[in-house]
Structures are given as structure tokens and as C-alpha cells.
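Student: Spelled out from the first residue to the last, the chains are:
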Amino acid sequence: MLDNELNNLRQTALPAIKVADAAALEELRVALMGKSGSVTALLKSLGGMEAEARKAAGAEINLLKTEITEALTARRTLLDAAALEAKLAAERLDVTQPPRPDPTGAIHPLSRTTEEIAAIFSAMGFSIKDGPDIENDWNNFSALNIPEHHPARAMMDTFYLNATFGNRPAVLRTHTSPVQIRTMLNQTPPIRIIVPGRTFRSDHDATHSPMFHQCEGLVIGEGITLGHLKGCLIDFLSAFFEIPNLPVRLRSSYFPFTEPSMEVDIGWNRKTGEIGGGTDWLEIGGSGMVHPNVLANCGIDPRKYQGFAFGVGLERITMLKHGMPDLRPFYESDIRWLRHYGTSPLTPASLHEGL
Amino acid sequence: MKFSLSWLHTWLQTDASLNEILNTLSAIGLEVESVTNQADTLRPFVIAEILEATRHPNADKLQSCRVSAGGEELSVVCGAPNARTGLKVVLAPVGALIPTSGLVLKAGEIRGVKSEGMLTSFRELGLGEDHEGIIELPADAPVGANYAQWAGLDEPIIEIAVTPNRGDALSVRGIARDLAAAGLGELRPFTVPTVRSRDRSAIFWQIDYPEACPLIFGRTIRNIKNGESPDWLKKRLESIGLRPINALVDITNFFTFDLGRPLHVFDVNKISGNILTLRRGIPGESFIGLNGKEIKPTAEDCVIADAAGPQSLAGIIGGEATGCDANTTDVFIECALFDRVKIAQTGQRHGIFSDARQRFERGIDMYLMQDALEAATAMVHGLCRGDASDVIAAGTPPPWNRYATLCFERLKTFGGSDISGPEAVESLRRLGFIPVEENATAVTVAVPSWRNDIAQPPSLDQWPDLPDAQAAAAAQGAGEIEPEVDLIEEVLRLRGLDAITPVSLPVARLISAPILTQKQVRTSLARRTLASRGLFDCVTFSFTDDATSALFGGNAETLRLANPIAADLNQMRPTPLVTLAQAAARNIARGFADFGLFEIGPAYNEDKTQALVAGGIRCGSTPLSAVSPARAYDALDAKADAVAVLTALGVPQEAVTTSQGGPDHYHPGQSGELMQGPQTTLASFGTLHPALCAKLGLPTGSVAFEIFLDAIAEPKKRKKSAPSLPPFQPLRRDFAFLVSAFTGAESVLRAAKAADRKLITNVALFDRYQGKGVPEGQVSLAIAVTIQPEQKSLTDAEIEAVCAKIVADVAKKTGATLRG
Numbered sequence: 001m002l003d004n005e006l007n008n009l010r011q012t013a014l015p016a017i018k019v020a021d022a023a024a025l026e027e028l029r030v031a032l033m034g035k036s037g038s039v040t041a042l043l044k045s046l047g048g049m050e051a052e053a054r055k056a057a058g059a060e061i062n063l064l065k066t067e068i069t070e071a072l073t074a075r076r077t078l079l080d081a082a083a084l085e086a087k088l089a090a091e092r093l094d095v096t097q098p099p100r101p102d103p104t105g106a107i108h109p110l111s112r113t114t115e116e117i118a119a120i121f122s123a124m125g126f127s128i129k130d131g132p133d134i135e136n137d138w139n140n141f142s143a144l145n146i147p148e149h150h151p152a153r154a155m156m157d158t159f160y161l162n163a164t165f166g167n168r169p170a171v172l173r174t175h176t177s178p179v180q181i182r183t184m185l186n187q188t189p190p191i192r193i194i195v196p197g198r199t200f201r202s203d204h205d206a207t208h209s210p211m212f213h214q215c216e217g218l219v220i221g222e223g224i225t226l227g228h229l230k231g232c233l234i235d236f237l238s239a240f241f242e243i244p245n246l247p248v249r250l251r252s253s254y255f256p257f258t259e260p261s262m263e264v265d266i267g268w269n270r271k272t273g274e275i276g277g278g279t280d281w282l283e284i285g286g287s288g289m290v291h292p293n294v295l296a297n298c299g300i301d302p303r304k305y306q307g308f309a310f311g312v313g314l315e316r317i318t319m320l321k322h323g324m325p326d327l328r329p330f331y332e333s334d335i336r337w338l339r340h341y342g343t344s345p346l347t348p349a350s351l352h353e354g355l
Numbered sequence: 001m002k003f004s005l006s007w008l009h010t011w012l013q014t015d016a017s018l019n020e021i022l023n024t025l026s027a028i029g030l031e032v033e034s035v036t037n038q039a040d041t042l043r044p045f046v047i048a049e050i051l052e053a054t055r056h057p058n059a060d061k062l063q064s065c066r067v068s069a070g071g072e073e074l075s076v077v078c079g080a081p082n083a084r085t086g087l088k089v090v091l092a093p094v095g096a097l098i099p100t101s102g103l104v105l106k107a108g109e110i111r112g113v114k115s116e117g118m119l120t121s122f123r124e125l126g127l128g129e130d131h132e133g134i135i136e137l138p139a140d141a142p143v144g145a146n147y148a149q150w151a152g153l154d155e156p157i158i159e160i161a162v163t164p165n166r167g168d169a170l171s172v173r174g175i176a177r178d179l180a181a182a183g184l185g186e187l188r189p190f191t192v193p194t195v196r197s198r199d200r201s202a203i204f205w206q207i208d209y210p211e212a213c214p215l216i217f218g219r220t221i222r223n224i225k226n227g228e229s230p231d232w233l234k235k236r237l238e239s240i241g242l243r244p245i246n247a248l249v250d251i252t253n254f255f256t257f258d259l260g261r262p263l264h265v266f267d268v269n270k271i272s273g274n275i276l277t278l279r280r281g282i283p284g285e286s287f288i289g290l291n292g293k294e295i296k297p298t299a300e301d302c303v304i305a306d307a308a309g310p311q312s313l314a315g316i317i318g319g320e321a322t323g324c325d326a327n328t329t330d331v332f333i334e335c336a337l338f339d340r341v342k343i344a345q346t347g348q349r350h351g352i353f354s355d356a357r358q359r360f361e362r363g364i365d366m367y368l369m370q371d372a373l374e375a376a377t378a379m380v381h382g383l384c385r386g387d388a389s390d391v392i393a394a395g396t397p398p399p400w401n402r403y404a405t406l407c408f409e410r411l412k413t414f415g416g417s418d419i420s421g422p423e424a425v426e427s428l429r430r431l432g433f434i435p436v437e438e439n440a441t442a443v444t445v446a447v448p449s450w451r452n453d454i455a456q457p458p459s460l461d462q463w464p465d466l467p468d469a470q471a472a473a474a475a476q477g478a479g480e481i482e483p484e485v486d487l488i489e490e491v492l493r494l495r496g497l498d499a500i501t502p503v504s505l506p507v508a509r510l511i512s513a514p515i516l517t518q519k520q521v522r523t524s525l526a527r528r529t530l531a532s533r534g535l536f537d538c539v540t541f542s543f544t545d546d547a548t549s550a551l552f553g554g555n556a557e558t559l560r561l562a563n564p565i566a567a568d569l570n571q572m573r574p575t576p577l578v579t580l581a582q583a584a585a586r587n588i589a590r591g592f593a594d595f596g597l598f599e600i601g602p603a604y605n606e607d608k609t610q611a612l613v614a615g616g617i618r619c620g621s622t623p624l625s626a627v628s629p630a631r632a633y634d635a636l637d638a639k640a641d642a643v644a645v646l647t648a649l650g651v652p653q654e655a656v657t658t659s660q661g662g663p664d665h666y667h668p669g670q671s672g673e674l675m676q677g678p679q680t681t682l683a684s685f686g687t688l689h690p691a692l693c694a695k696l697g698l699p700t701g702s703v704a705f706e707i708f709l710d711a712i713a714e715p716k717k718r719k720k721s722a723p724s725l726p727p728f729q730p731l732r733r734d735f736a737f738l739v740s741a742f743t744g745a746e747s748v749l750r751a752a753k754a755a756d757r758k759l760i761t762n763v764a765l766f767d768r769y770q771g772k773g774v775p776e777g778q779v780s781l782a783i784a785v786t787i788q789p790e791q792k793s794l795t796d797a798e799i800e801a802v803c804a805k806i807v808a809d810v811a812k813k814t815g816a817t818l819r820g
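Chains as they are written, first to last, in our numbering: chain A, 1 to 355; chain B, 1 to 820.
It is possible that part of the hints are untrue.
[Claimed, not checked] Restricting the straight-line Cα-Cα distance to at most 25 Å, the calculated cross-link-like pairs of lysine to any residue (SDA-like) are:
| # | chain 1 | residue 1 | chain 2 | residue 2 |
| --- | --- | --- | --- | --- |
| 1 | A | 271 | B | 626 |
| 2 | B | 519 | A | 212 |
| 3 | A | 87 | B | 626 |
| 4 | B | 296 | A | 148 |
| 5 | A | 304 | B | 442 |
Because the hints were derived from the structure by calculation, they are not lab data.
Bound conformation, chain A alone (with noise of 0.2 Å):
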């Protein structure tokens, strides 16, 4: 008779479970296995049995219990897993779309070709000065033996200023250099310096802006000499344009601060415009060793310490480097020429990432 009850409930709970959806599920887990579900019942009926059929009533109706919470447990899963794969599919998520947008700014190129250059005269022992854009005229001729009445003063293009600085006529510097001659009067040799920035000549034409930048590089020491010079400018011109042997030609010329002067060309090819090939020259700044003058002005002897000064224009090497063909632009803060030549602010330059 148990044996009939347990086969009957084997026999119509097990399929129910198997078709039960979540909701008839717990309610066949509470009528079978509830406090006063069929099987919890049956349990409770062994109580009044004799030990012997106890025994052997115990172990059928446990095997059915075993069973009937698998099939439950089996069910519920395959549910659960079904229920997941549909809420899934509801939660679908166009990810062609274009995502949250990410702010876009740039370097500008003279920032970027400023930085590379700090990089590069850092690994030679340099270090980077800047001074005021508006300097007295001693500062920015007299000190660099450019007397009032000589030619290079006319030459310069000076802006002056309705206003003296420090009882001299105020300008705009024409050059960096009196920054050279700043550190001179602060620092005593041996001095390395190079000083990137701001310089101002009236003069505005398709190759000329009235603002534009310089670098100038000062060495005072002793034994210093015009091979040094020609070493400093090739080993940074090579690196800056990173062709190891990229041609470099001094050429003889006169600046009133420096004694030789030299005209720095670099090889390259006139048609293609690329640095380094072909047989044209393309003058990129001026050099010489430092004039004894500009020493003495500085008070320093130049029977002790002797050494070199070069300076290039930072658009042009920037134009070169990069094969820009006109040099408005850089001032011109055009969005599109921005985002175009501009350089991420995540790759600062660096020697050893390449430049």
C-alpha cells in the first residue's frame, strides 16, 4: 500500500516538475516538500511504524524525497538559466554607437620643438633660461658690441617702447641673446645655457612675422673651441632631426657678438624638400665663438674663459623638421592646423621614446 502511495506520487510529481514553469515549481516544491507536503507527510507517518517496516519504509520514502528534490533542483536551474539568457536579451546594447566623448586638445608644434630641444641639450649638460621679452637696449646691442651707430642696430628691425628700462630706451628684444648676457653677469663660467623663446623685428611678409621664436645656445669655459661648437651643432641637429648623418656646413659670415661667425647650413634636397639628401643647403641659424668684447662687457676675461654662441629660429627648423610649408600659420590658431600638426599631451619628448 505505501509502496502504491510512493509510486503514485513518483509517477505524477516527477513529469509536473519537468514541465513546471518558476511559479508552479514552488508551488509543487510546497505541496511536496512543505511543512505539510505529501512527502514531509510521509515522513511523519514512519513515526508510527514498527521498527522493522520503518526501516525498510524509511529508506523507500527517502529515496523518493532524494529524488523529487533533484528533479526540483534540476528544474529550478534549467528556469533560472533560461530566465538569465531572456533578461540578456532584453538588456541589448548598441555598441556600434560612438561612445562618451573624450576631450581632444593638442601641443602646439613650437611647444613640441621646444621640448625636444630641452631634451636633447639636457643630455648635454645644458641647462634652459628665459629672460624678458622687453630689455633695455644695453641688454639687447651695447652689451653684444652693437655700438648705437652700427649698422646692426638698423638691421635689427628694433620695436621700441614709448618708455626707458632702467634709463635706456625700452625695445622689444630682437634677438635672445641678451639673455646670454643676463646669465654672464650672474653666473660664473662654466657656463651652459640654452634660452628658447619670444623675439620681435619689424618685418611682416610671407616669411616673416613680426613675433617669432629663437633658441639660443651659450658655452663659456675653458678650452673651449670652435670644434666644440661644430660638435654641439651637429650632434643636436642630428638628433633633433634624427638623421645620424644629417650633413651640417658652417659657413664664414659676421655677427657683431661673436668672432668667427659662422652661418650654419644643413644638406637637403631643394626639389623634395627632404632634410639630409640631396645636394642644396638650407641656412638654419648663425654660430661663432663669443666675441672678447662681449666677454669684457660681462666682466669676464676672455684671456680665461672663451667659448661659442649659436641661435636658430625655432618656426624654422619646426617647418623643416615637419615639412610645413608656410610659416602664418603658427600664429594663426586655426582649429584644423591645430588638430593637424599638434602632438598628444601623453608622448612629452623624450630621448629614449624617440623624438
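We have chain A already, so just place chain B on it with the hints.
Tutor: Here is chain B on its own, set in the frame of chain A:
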């Protein structure tokens, strides 16, 4: 300085090719600027003969010509009245490019007559202004020959840039001397012809201003016949772009370029009295210069005056009234030495650029004066005949003998060159230096008279605050070293500075120490921070115009340019925002609405100091997006930019307070300043003033910031203490306060934070509400407070106590009440 190859050859005997000459010029410091050849453009033009010229059958003013250029006979229609049978002419054949019009000649028919070429005038060939008719060539001109070649126009014209120190290279002879010294041939000798004097000079010199004119020579030549110069002289001058005027004037121009020796000629019969005085100008007097302009000499200028007044601005430009013309019969030649500095100053003062000034201010060959006067007299005599007087002089020659010593080892220890002593001496000798003492280690040379740039006494302008002894030692050092360096330069440049072996600078340490100053590092950091926030790094001009500058407070008169290049670039900007706003407006005008720009650059202040400012502007909205809807930038975006930079630069956030209201170029209600303490403004930010936006063409609502990088203190270098990382979970408690709408949220946040400095680690404002349920004039601020237990978990009572203190402190400090 321009010269033709053939002119150079009159001084330089050489087999060197044009290319060798050009390369050498550039290498030794006489930089070649251009090489041109007129024959290149005149290549197609040939000499032809008009076999027969007849009246054009259908046109009164035209002639129909049969022309032969050696080949097939051509028919050419010509409008020039001087076309006639038998004339030798210059023919432009079909296909020739006419230089002045840029047109290519085509065969055609003019009123029914074939025209297979063109007979040309000087003007059409770009050879002059003469357009009276076609070119008439002499009868012996060879038919069929290339015209340019026959006319001597087929030669290179070289233009070099002469540096200000090389007055001697402003002469063909000087250039030839340098080339010869560089090994490109031999300098031809200067043979000075002498002309016997017949009588006394008609004019005498008197020097009343010896500082300006220490020495002067002159000579009268009577009974001359002035007229056109001979062809060779005209061609020589024309080849370098000078217009021939008359023989006398052409001769002075010739010597200016040939010997670098400016001369001036006076028409004796136009001079009042017989004395020409070199004296200071007298204010009030004036004369008309040869440039046709009135010249008013000052007391600092040196003039040459006759009894009637000034007739010449000495060494710079002559006067019209006493100039020579075709009718001049008696001429007085001036050959003077003028002070270089005085000439430069007078030239600058009057803004006159002349070939004479250029040479005098760079220094002329003092020793050449008498020889040049003889040579000029001889040429006048040869071209215009006449009788030369004796040479008259005034003044005394200033001492010019200078010496310089070169220690040979300095070629290596200064010049980095391996040139030997004997080689160096030979180079100097070729340049005209004369060794006066020589041994194995050094040479002392006499400096040639034409090298005014070498071994001059040092003209120092030492820093006035140098200690006396240091200044004196440095000056003495310069006096010793400078002449030697002059010689080293001469020796090195002749071989080419390119021959020096490069040596890398010795580096003290293999791994270099960081070289940037704190300020420089922070500038880069600020730049990267702003660029990573979506702004574009810009470089804009330091100067701007009055009107735009005024919108940003304007700048002082002392920051105005005395000589601006343009009216819109006439004063220094008071802040980079000025030029950045203009840059933003340009982008707006190009049709771009949403973007941000920044610049880290100078702001110029009244006391002529400059401050480094990071300025930025945002226009429009955040980018369009479906997932994060675009919204217009507002003042808090500008504040975020400023705060981001300050944070990146190590400014502790709790040290910065925001004050409501910024400078006048901002919206008064939507701007503020970030302060460190009561005095230091670190940054200002806000919505730009709508009136300013309207004037500049910026959209209303554009926002901006200015970060004053110099005001930011350098962060102290301190090792960080170990962090407190308690194992207890932090708690969050939210509060809503009602507070006056004019009380800044920052004060509520600060008061809450200060309620317990140990336990409260963060306070965040997460809601701001005004409207229904909040009394008029008040605002509800909801804040979340993070409480971080340190030593142990907090009991409910302890948490309650902290919360109560927050409410009490906020109420006390801001007048806020807890919202019920």
C-alpha cells in the same frame, strides 16, 4: 654688392670656373645671394638686317619689311618710324618670349601682310626705357648673331651680401683680393696713372669739423667736355643696375664700386666763392640733395658749404645746386675721409641710404685716397679731356698703423684647427698683412689699411656695476685677445670654416641631472594638463590693438610701441586672453562653433615686467553625443580647467578659496577668482562679458580663464608621510541645508568639513535646489559627508554626535538651517 664676372676679371687673373668662384665666395664669408644672366632671357633675340622697308599697303603708320637674320628671308610688319632699308636691328623670331610683356610671339598677318617676327626696342627687351623706336645697331653688327652675346650682355652678374664689418668687400678689387688670397688666382696690380698738374686748384678746402672729417683731398680739372660715357663704362654700370648719367658722375660711381672709393664732383662754376668748408650744419639752413629732396642738416651733421651755404651732406649725398651736368666745363673732385660713426649717425638721422654712406660707415681704405684721386683724374682726363690742377689737401691723416699678434697654438686651442704656423702666415700675407716679426710660435703682422675691422682698439661698454678690478682685467683681456681672434678668423675663413673637425662637448656626467627649473616643469605640466582637457595649445602675438586691449582693461602708455608695424599691432597685451579671444573669433568666423583654445604666454604689466599666464577660452558646447547630451560650456567649466591646472601643479585644494566676481572682462555674476589667502589671486575665470563677446564676434556665453603661473608657490619638497589606511568601513551621511542664495556653496562645504577634521574625509555637494518648497531667496544644498572611523568602529551615539556638530557648525558659520 653686385658685380659682373668680367668686371671681377679686371682685378682677378684666374682660370677658376664660375662655380668655383661662387662656392669660394660663400665659403670665405662673401655670401652669394644671386647669380643672374641677362642673356638667359635674351637667348632668342638675333641680329638682323632690314633688306627693304616699304610703306604697308593698308596702313599709314606701318611698314612692311623684308628682313634677313641669316636664314630664310622673313616678312615683318613694323610700326617704328625708324625702321628703314639697310638698318641692322634686333629681331624677335616667332616663338620668342618677350621679356617685358611675357608674351610668346606668334606668326600672323597684320592688315593682310604676313608678319613672321618682331623688330624690338630697348624697352621691350627690358634693357632700358627707350621706346622711341626699334634698336639701331651699328652697320658692322653681324647678321644672324645672338644679340645678347654680341652686346656683351651674356655674362653672370653676381650679387653678394657684404657683412657690416667688411667695408673692403664693397669693391670689386677687394673681392678679387679675397678670392686671390683663397687661392683662386692672382690679384692684378693697381697701376696708378699720374696726371701732370697745369695750374692751381680753383677751389680750396677748409676743415672746421675735424672730428667728422680729419682729412680731405681735391683737384680741379678745367676745360673739360662732359657728355655721355663710352660704351664700356655705361655697360659696366648698367650691368649692376646703375643708370649712366654723364661721364663725370659715371666716373665717381665707377670708382665707388671698382675701388670702394666714393668720390664727389662739384661743378666749379656753380660754387660761390673758392672755399669749400667742412663744418657742422646750422639749424635752419637747408639744400636740395641729388635725390631731389630737401635736406636740413643738424649741428651734429657734417656739411660741405660754400659761401652760399651747405652744398653737400658730407659723405652721404651731394647737392643738386652744385652737381655736374652736360654743360659742366670745370669740375672739382672731392676725395675725403669721414668718421665712420658720424656718417652712420647722420645717415640714420636723415634716413638716407647711399653707396657712399654704405662705404664710409664701414670704413674705407685711408691709404688709397691719393691714388684713387689720381686714377679718377686720369679717367676724367681720358674721357672729357681738360687740364688738371695740383692736388690740394686739408687736415692730417689719423694714425692707422695697427699690429696684431697670432700665437700659432691658438689656431688649435681656440679655432680647433690644425692649420700650421707657416700656412697661417702665408694666408695672412696673401690678404695683405705684412709680417713684422715672426718666430716658431707666433707672428706679428701689420694690418693692411683697407681692413678697418681688424685690431681696432676695443670699444667696450661694460656693465656699470662690475667691480673695478674685474672690469679692468676683463677689458685688458679683451684688448689682448681681440686682435688675435681677428687673425684667427682670417686664417680660418680662407680655408673654409667647414674644414674644422667637430668635437662633441665633454659631458661631466654620463647621466644628466634634470635641467628644467620648477617653473619650466610646471609650464609644461600646465600645458599638458590643458591639452588633455581638450583645449588646443596656441601661440599668439604679444601685441594687439588699442580697442581690443581696452576690452581687457587696456595697457599703459609705456607699453605702446613707438614704431608699430601696423596700427592693429601697437601695444603689448595686458593678458594672453586678448589675442586668444581674437583667435577664437577667427575660428568662429570660419564656421567652427564648439572648441577650446589656450596659450601659456606673457602678459605685460605697467612696470614693464611680464607675467606668465595660462589663458584659455571655450566657445559653444561639449561635443554632440547620443549617450552624453551636449551642453553649453559655462563658467564652472572654466573653473574646472583652472582647478585642474592648480591641482596638477601641486596647489593643495584645501588652500584655495573661490571668491565671487572676477575682472571686468567677465560677466559680473558668473565669474570668480581662485585665491590662496586673502592676497594672492591664483586664477580668475568666468563667462566672458556679453558686451565684449559682441564686440569681438564671440558667441555669448563663451567662457575663459587666466591662471597666473608666477603666483603659484613652488610646492615644498617633502617626503610623504605614511598613509592612514584604517580597516573600518567609511560611513556616508547626507544633509540638506537651507541657506541664503548669496551664500556660496563653498562655505557650507568648508564648514561641514571643518566640523571634525579627523573623522570627516570628504564632503560633496550633490544637489542644489531652488523653487517650490524652498523659501524665496534661499537655496537648498544637499551634501554627502564621508565619515571614516580611524581607531575603532563608531557607536551610534558617536556618529550622532558628529552629525550634530556638522549641523551646528554649518548653521553657525553660514546661517544655514537643516531642511526639515
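Student: Hinted pair, alpha-carbon criterion (25 Å max): residue 304/A, residue 442/B. Please report holds or violated.
Tutor: 19 Å, holds
Student: Please work out if residue 296/B and residue 148/A have their alpha carbons no farther apart than 25 Å.
Tutor: The hint holds at about 22 Å.
Student: Given the hint that residue 87/A pairs with residue 626/B, does the C-alpha gap stay at or below 25 Å?
Tutor: Roughly 24 Å between the alpha carbons, so the hint for residue 87/A and residue 626/B holds.
Student: With a cut-off of 25 Å on the C-alpha distance, tell me whether residue 519/B and residue 212/A pass.
Tutor: Since the Cα atoms of residue 519/B and residue 212/A sit roughly 22 Å apart, the hinted pair holds (cutoff 25 Å).
Student: Below or equal to 25 Å on CA atoms is what counts here, so check residue 271/A against residue 626/B.
Tutor: 49 Å, violated
The structure fails to meet hint 1 from the earlier list, while all remaining hints are met.
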